[in-house]
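Chemist: One-letter residues, chain by chain:
Protein chains: 4
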Amino acid sequence: MEKIKEGDYVLLYFDNRRKWLVKANKEKEFHTHKGMVPIRDIIDKSYGERIQSALGYDFWLLKPNSCDFLSIFRRMTQIIYPKDAGLIIVKLGMCPGKKVTEVGTDSGGRTTLMANLVKPDGHIYTYDMNEMFLNSAKKDIRKLKVDNYVTFKNLDAREGFDKKDVDAIVIDVADPWRVVPHAYESLKGGCSIASFSPTINQVEKTVTALKENDFIDMESIEILLRGIHVEEGKTRPLSRMISHTGYITFARKIFV
Amino acid sequence: MEKIKEGDYVLLYFDNRRKWLVKANKEKEFHTHKGMVPIRDIIDKSYGERIQSALGYDFWLLKPNSCDFLSIFRRMTQIIYPKDAGLIIVKLGMCPGKKVTEVGTDSGGRTTLMANLVKPDGHIYTYDMNEMFLNSAKKDIRKLKVDNYVTFKNLDAREGFDKKDVDAIVIDVADPWRVVPHAYESLKGGCSIASFSPTINQVEKTVTALKENDFIDMESIEILLRGIHVEEGKTRPLSRMISHTGYITFARKIFV
Amino acid sequence: MEKIKEGDYVLLYFDNRRKWLVKANKEKEFHTHKGMVPIRDIIDKSYGERIQSALGYDFWLLKPNSCDFLSIFRRMTQIIYPKDAGLIIVKLGMCPGKKVTEVGTDSGGRTTLMANLVKPDGHIYTYDMNEMFLNSAKKDIRKLKVDNYVTFKNLDAREGFDKKDVDAIVIDVADPWRVVPHAYESLKGGCSIASFSPTINQVEKTVTALKENDFIDMESIEILLRGIHVEEGKTRPLSRMISHTGYITFARKIFV
Amino acid sequence: MEKIKEGDYVLLYFDNRRKWLVKANKEKEFHTHKGMVPIRDIIDKSYGERIQSALGYDFWLLKPNSCDFLSIFRRMTQIIYPKDAGLIIVKLGMCPGKKVTEVGTDSGGRTTLMANLVKPDGHIYTYDMNEMFLNSAKKDIRKLKVDNYVTFKNLDAREGFDKKDVDAIVIDVADPWRVVPHAYESLKGGCSIASFSPTINQVEKTVTALKENDFIDMESIEILLRGIHVEEGKTRPLSRMISHTGYITFARKIFV
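Chains as they are written, first to last, in my numbering: chain Z, 987 to 1242; chain U, 987 to 1242; chain L, 987 to 1242; chain S, 987 to 1242.
Here chain Z stands alone, though its shape is the one from the complex (with noise of 0.2 Å):
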């Protein structure tokens, strides 16, 4: 059984849609309308564990997943959804080792994730002009410890970007036709670019952007993820979904 020490994180659960992540602290108190949660008894806990809280009620102690990181990170801009990082992930082919850039940093969610499967050797260098937006995911990502593996640049990738030979490049900012010509220079021969964009017509000037830019083997998808309610006798898709988060776009480059 794994021990929750001083300053690891612990997804607090109670049901379903009340979930919170919190960081084991000897002095913290975290209060919930179900009473107040003791987090400093928390500590030398295990995982799995429950603890109860000043009403009585039980919270779980379960161990965070990536997923549930993403939530701590700042919700200003857009939200990394698990079903598009998931499949990104697999088709840039990221695993220890890669070195990454990811241009639009935004809340610092997907580098993270990102940070997080490239380790120790592979590095993820991140761009953002908004400096505001980049410093708050710098917090963060430091907070999650994977900061030694990622590189911020508060600059405006549609002017270039120096980090050469790369071997995956994500772009997600609102005018990805800009900066695919630079992606092009950074990014090593046969290697892949995935491109995020909520409007159809971002994927247009993206997809001809490519074809311009010595880019081959498109694909353009968007997923939709539905929930299915399950009990026994009374199984059935749940009533709403998300329908649309965005679209993707692959494509590799080529010497031509």
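It does not matter which identical chain is meant; a pair holds if it fits inside one copy or across any two.
Listed next, the in silico DSS-like pairs over lysine-lysine satisfying Cα-Cα at most 25 Å (straight line):
| # | residue 1 | residue 2 |
| --- | --- | --- |
| 1 | LYS1131 | LYS1174 |
| 2 | LYS1009 | LYS1084 |
| 3 | LYS1085 | LYS991 |
| 4 | LYS1084 | LYS1031 |
| 5 | LYS1105 | LYS1129 |
| 6 | LYS991 | LYS1084 |
| 7 | LYS1031 | LYS1150 |
| 8 | LYS1149 | LYS1031 |
| 9 | LYS1105 | LYS1174 |
| 10 | LYS1150 | LYS991 |
| 11 | LYS1191 | LYS1220 |
| 12 | LYS1174 | LYS1129 |
| 13 | LYS1131 | LYS1105 |
| 14 | LYS1031 | LYS989 |
Don't read these hints as lab results, they were simulated from the structure. These numbers were taken from a predicted model, which means no experiment stands behind them.
Following the hints, complete the assembly by docking chains U, L and S onto the known chain Z.
Modeler: The following block gives chains U, L and S in isolation, referenced to the frame of chain Z:
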């Protein structure tokens, strides 16, 4: 520029529907409907460059990603889809150092994907009752050089499995509900399990078993991936899609 | 130009989310957050024209369609969705002259839609066990002036129904499999039945009953309707959608 | 029991994928891979009964519905899908007595469906520039005996159309935005228009034209129909589906 060396894998690309994973080899030729491609000549070329077939057609030398590697696994059983594998990876928090149990090796495609993410300090323990599947998977995984991070077990997981204290468990068998009690024993507290099943009846039984075996935070979902034909002024979703691969159920272990 | 007469229904439109079905009436006022609309003044205006509220806002006088009328039916039970009703209408070949049995009147929304299509020579025989629902539906259907084409029966259809030789049957109750044997008796040979159910377990049982009761050409489907935000240069699917209303099963009666 | 008479249409059913629309005829034989079916012998049988082929296989005599009739229309252009046609019918309030303009007769399938709903007092005015399509549609519609309710016009609707004061308009041409101004002139105030287009770029231009031509209450949607394999204990969505037919845009005319 990264040179292709003897023994390296290359994705030989003709067009979006015709691409093959080949291994650079001093003596090999690869025969296509567009003429023979002299595989021996790709050694010392760079990824991203082209090679001509005997009939004068261009083929591009791309860097294979995790999805491309999935294609080499013999498709005796079900195919692993990147959309499903990607979400499982993110939701189970897979990353370097994790110990993961997989019940249902099948072709070994997902095993390889996971081994590549947990290396060098993590490990995959994979079980399959079918010795032929297991041997075939073993052979492919060795080719991709991640066999050091995988332990194969030709056992019936419904009778229990020996490895304890793993960080995550993936189940992909016909009767996951029979594996659930043993999965509980094997998994660390607070950690996550994912079960993949094609039919809704399997999902019902699995969720019931998870509830009875002290798992919480249950979530069942399905993922749809839809391709888009992108062409300026003529953009539209593709006419056909895969509308079902399977449902995925996630849950976490607690100590009651 | 078609003049609005006393007693006519009008769709009072403010914007896409704020529209109301009202009846032209010499004495009525309609109160909205944008001021009182003098309903009495719409008499003798034409459909398509505007009227101003007391606060000076424009409201448009639109011609209500079948979907708009659905909104007046009290939503005590489930809502009838145009996407589902439309397919049932086409698949069951509804048109003037057809005789149709409906098991599960519910709000009467679908009853009205169907009555409006089979009139003047066709007829709808509608059954509901719940007398309150039936009376409420009857009242609304009278308002829409299609009550001459509807016969209401406050009976438990699981115990059989008297009307024979109908051209089509629509079932929308919690246990359709109990109605299936009686539906067989009531339906003309070679003709179609449609059953609507929210859960997949209901569908399984219904299909089993249909097979056992000499129905063939079985087809079970679900329909998803996705809204698109259309704006030049910013077009994208809406972020949220209804992801499930119910499954529809179609089948046809044979004599074995 | 309804007897089949000479000249009646019958859906000859072998299994879910093999069914044909045939016309009862004293002299005809119908050849299938399961042997010749003596069509002449179905006269005086009842719908729902069976007939044997020369090789001893059972074929069932089903009553064709609107969807089955759609299949006889020559598929030179695009197919009309029941899911799309059904929603258009409901949203445009089609029912006996309505006058409807259709721009783009195509195969005539949708024309027939609509004619069958508005008869005997309503009427469909259908336009197509392609004389060959129009003649072919005319021939099929005559066979189905709804030609009295349809007026065919071999004209370019982009140059205006003569019929005024129709209750609804359906547009299904490559450049709907050019038809919109004339559609405005032709439609009654407050009434609805529906435009069907395969590409998102067509939808953008159409919505712009609708806004510029005094239409409001705009709604653009797409419908997905997903088949379910239903079998006790093995129920799951079908593996493949049609993922796109087209987008439908609805709007209503106002007087500004």
